[in-house]
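From first to last, the protein sequence lines are chains L and Z. Under the numbering used here, think of the first position of the first sequence as 21, with each following residue one higher. Under the numbering used here, think of the first position of the second sequence as 2, with each following residue one higher.
Source of the hints: derived by calculation from the structure; they are not laboratory data. Any given hint could be a false lead.
Derived, one-sided and incomplete: chain Z residues facing chain L with beta-carbon distance under 7 angstroms [said to hold, decoys possible]:
no., residue
1, Y600
2, S601
3, M612
4, V626
5, G634
6, V635
All C-beta atoms, glycine included, are put in the ideal place defined by N, C-alpha and C.
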Amino acid sequence: MIIFLIAILIAVFAAVVSYWNPKISAVMSVLAVLMAIPYSPFASLILAIAILNVVSLLAIRRNQIVGVDYAIIALMSLATVYSFITSNLAELLLLFVVVSTPTYLLVMIGEERLNVEIGIKYVTFMVLATVLFIIGAVTLYHAHLTQDLSLYAIGFVALLLGLALEVGIAPLHEWVPDVFESANPIAVSVIASLAKFVPFIVAYKVLMATATLAATQILLILAVISAISMFIGNIGALTAKSASRILAYSTIANMGYILATFAAITAPKEFVYYAIAGGLLQLFVNAFGKIGFFNAVKDGSSSFNAYLLSFSFIGLPPLMGFWSKLFIIYALVFSNFLWLAIILVLNSAISVPYYLRLVRLVGTGWKFSITNTVTLFCALAMLVTLVPPSWFLELVVGGFR
Amino acid sequence: MIEVFLAMLLSPVLCSLPVAFAWLIDPKPEWARKLPILAVVGLFISLICALQILFSPDRLVKSDWLPEFNINFVFIIDYLSKIMGTLTALIAFLIGVYGLEYMKHDYRLGWYWFFFNLFTASMLLVVYSDNLLMLLIGWEGLGLASWGLIGHWFRDDDELSYVGEVGRKVAGQNYFWSPSTGGWRAISTIRVGDMPMFFAIAAIYFFTGTLNISEIHWEEFAKEVGSFGIFLILFLFMLGPFTKSAQLPFSEWLMTAMTGPTTVSALLHSATMVAAGTYLFMRLSWYIEPWNLHSEGIEAIYIIVLFLGLISAFYGASVALGCLERKVLLAASTMSSLGLMFASTAACAWVGKIAILVGFWYLVTHAFAKATLFLVAGHLIHETHDRFCVGGKEVAKHLKLAFIATIVATLFLSGIPPLTAYWVKSAMDGVMHSLEHHFGYLPLFLLVVTSAIYSAFLAKFLSLNFWKGKEVHIHPHGGGLMSLAYIAMASMLILLLYIYLTGEGFTKLHEFAHFVEEGFLTSSLMVGIIVLVTYLLALYKPRLESPIGKALGDRLYMPFLNDYIVPKFGWFLAKIADYGNRLIDFTCHQAIPSLFEVYSLGVRSIQSGSMERYVKIVVAVVLIVFLISAGMGVTI
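Based on the sequences and whatever the hints tell you, model everything.
What follows is the structure in structure tokens.
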């Protein structure tokens, strides 16, 4: 714990130092981030994302909070790593807020002027989401203690809706396309990557602790919402014109895939691990992919990198996106949600055209720049699963026992 | 022993490769015109190997290939394969020698010799294979090579290679066929039979667990699949031999196969490929031993083969009688002979093994005689530049050897006592006569009528080409090699006669005693005299104008089956497929995409940018879901 506190102090100090020199802030933020590595097996992956975020923020050094933004990333990533470790409800809810709030700032930054209008839109929904999520989590714990089934249902739905609003799951996705389109692409790349982990991890932990009461009907609501999200995301992206909008709808669809893993929460333990492994891996795919693509939106990319990212999203082996979907499908099939697995496969097929279109939109050619380098590293990250990720499954089994 | 088989099968193919490659790399390789001799040497090596096998004891020669699937090289050396193999290799070699001169100036010798030798190897594989799958490989090789050889003159630029009067139309349908059409008709018809045969072989393997003909327990097999099962499997299997041997209604391809070079007609369409069907039926019957079995399904098959054979024989003979084209006449007569072989072999179900032997020795006799006639026909076409039967005494004077060979072949084949075919035909009369208890006199009657017509058109062929035909002037030059080949072929008939009559020939087979015994019966002699009379009549008056003859010459309008009915049916299917195709195209290219597009635009139309609207939607959704969950919470 002490180490985390020190790391947070360093991050805060970095924010202060940025008044004199933003570069020092960046270095110190990365340092703070690296300090958390020994504490969770997932830390290195999370920190890779954080470092990519910091580096890509270097591309917009003329924004209003330059220097502070690196520290914000450090704070968020430390919170994410810590969320893997703790199982205290209060701490988890705190982490939820810690990760959510900094994004209010990030969404508004721009290279010329502050983007207040989009900030207001975003903050409105996030506040609603946070309220619903926290009420839901607390209610779930209470219902679990009192064994109150009807209260459990209310709590479950509140948590679900809060999560949906927070990460942008259809039909509560309305803010996503607007924000992704209007905000600065680099800022969005943070919101679409690092900020997505904690809500899901907290939801996993809360639901796993209280899952004994989850009835099939309630899981059905969840499954239907995730199916709606997949369809709206993928079909909406088919005719979307700008790359940012395609990515917005792609995010909605990906969040649907991840939400589907919650349907397996009452299944036998080994399938729950598959579900969580699938969900987390899909989060990593989404994070690396979105960082890579938004950097490409900002400044173009070599089409090879863009293809690698797209193929991973589509789910071609041996890229990471294949394994995440495989795990999810495996978990769904063995927890009696075969229909949802079929819908997921169908959606993967539907997504093919727009991901390929996306490659043509952003694959304008390699330039030597920060954003192109970030995209390259994101594309390479998709190759991590050249070693079949049974290792990832073991990490999950160890981390969520 | 396996080395001998390998040498026999590989040497023709390997020896034909130099000439094949010469034509592949150089469109006009005048330097390579001597290379076909090497190809014939390959055929000769095959012949030596076949002779070596002929004089070795009966046995199975096995060499594993895919033992877990029972697909192995299993060569059988038995009565049938020994003699058939030698016959094939000998005839192929003699025709190869003939072809050296006949094809001397051809424009693509590489193609010709490669397929000719591939054909020979495939045929030998069919003859010696005991494993049905290996046999099928040879069988398909026959089909492929026959397509290549029949369509050899693929440019369709020489009317001498057509079948039918060029430009003639009957009922709006072209009534003449080019070499490329002939090749296509051959392969397409044969495939119709090969497919069911392939499935039948799969079924046999599925039920018996072995593919070796000599190792299948037919009795148990018949019991296992039941009467109808064995009938169905054998019927599907027999579709292969029926199409290959051009039995009704698959006869048309054989007639238009005459568009190929004459050597091809002589090898494929007299002695080997078409005989492969009957040979396979004999081999099967040899091991099924239907005379020992009591299965209605098997009996039904033999009844079908018996009558199909007899009717095809009758049809073929009648068509040959009306036909005026040299090679088409011979093709029709071949079809007739094949029918007799089928019928005679099928009779074994009631008569016993002797019926198979009768059919088999008729095959041997017919092979030499018919090959001789084809070779002579080729020489005549070469000299007279006419496909139709023309030629008077001048032709006979100039082409003495051809004349003599034709006399020998026609006399020896028609069944005139006491010449070669007479003894086999007598035994065949006896076989058909013993079917009296089952089918009355019908088989015997059909056989006698067919024999009479058969000898008549053979005499017609002789007379119209060398005696009473239209006079033509010819100036023969060369032709020595060709004459040598068909004289050698014809002399084999005399050798056969010697073997039949002495009964103590080199093979020491006692069935010849049976042939001779049957030949001395009065009834056989009567048939012999009828045959002699029709022969003499036709020799004296070879042409008779009549509408019936015209219809027979037009093959009773059977071509309409291949050229009109089947295509119409095919186009009908194509039409259905086309509509299905369009439906799929419409669904995949218009209906589904526009559906997605409409839906996608709907999804995106939510995004108006108005905050108020978004909040309304979100609040509505949240409330609705809460309501649903509350309702559920109550019901739980």
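Taking the hints in turn, this is what the structure says about them:
no.	hint	in the structure
1	Y600	holds, 5 angstroms
2	S601	holds, 4 angstroms
3	M612	holds, 6 angstroms
4	V626	holds, 6 angstroms
5	G634	holds, 3 angstroms
6	V635	holds, 6 angstroms
Hint compliance for this structure: every hint is met.
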